Amino acid sequence: MPIVQDSSHIGIKNLKKDSTNATITENIKKARRSMYSLMGAGLHGENGLDPETLISLFRTYILPVLTYGLEVLIPSGKNLDLIQQQHKRWIKQILSLKLNVADPAVYLLSGLLPLEAEIHIKIITLFGNITRAERSSLEWRIAERQLQIKTYSSNSWFIDLKKICGKYDIRRVRTVP
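For the sequence shown, position 52 matches number 52 in the UniProt record's numbering, and the numbering has no gaps at all.
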């Protein structure tokens, strides 16, 4: 059996160092290819479809590819900046806006949420799926244990979830219902 430095499982890169960056880079490449494949259908700025349809296409076909797997890896810092910049650049390109347009204006005009909020929604949805599972399921038991035992300074996914819920003033995450 050969020793490998990286592997991929259901589209999520697994490396010894910085799996999040590798996954984000791959997601950006795949989302860019999705954008280019929709150019023929009118997904471009000035001569294309109307802005509502463009944003709908972006939300339906490109955003899921761009954010795939990030509810598990939870990007932060430089990795989050990298994917957010690409996200904003594409929205500006689709809406035919100049690159120096303020970010709040981009989100107001497009009706889209910032990418960090989209990822947070996916994280909270994943946790909701875990908590709605049977109490005897492995995921439910892991969630219960992690939420009861891990400290706030831990590097656990469930602790990151607690921090995200605190950011949105969601208080009832201490224990699994």
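A portion of the hints provided could be inaccurate.
Keeping only pairs whose Cα atoms sit at most 30 Å apart, straight-line, the calculated BS3-like set for lysine-lysine is [as the list claims (entries may be wrong)]:
# : residue 1 : residue 2
1 : Lys162    : Lys17
2 : Lys122    : Lys29
3 : Lys150    : Lys29
4 : Lys122    : Lys150
5 : Lys122    : Lys78
These are calculated hints, taken from the structure and not from any lab test. The model shown is predicted, which means the values in this text are computed figures rather than measured ones.
Broken hints, numbered, in rising order? 3
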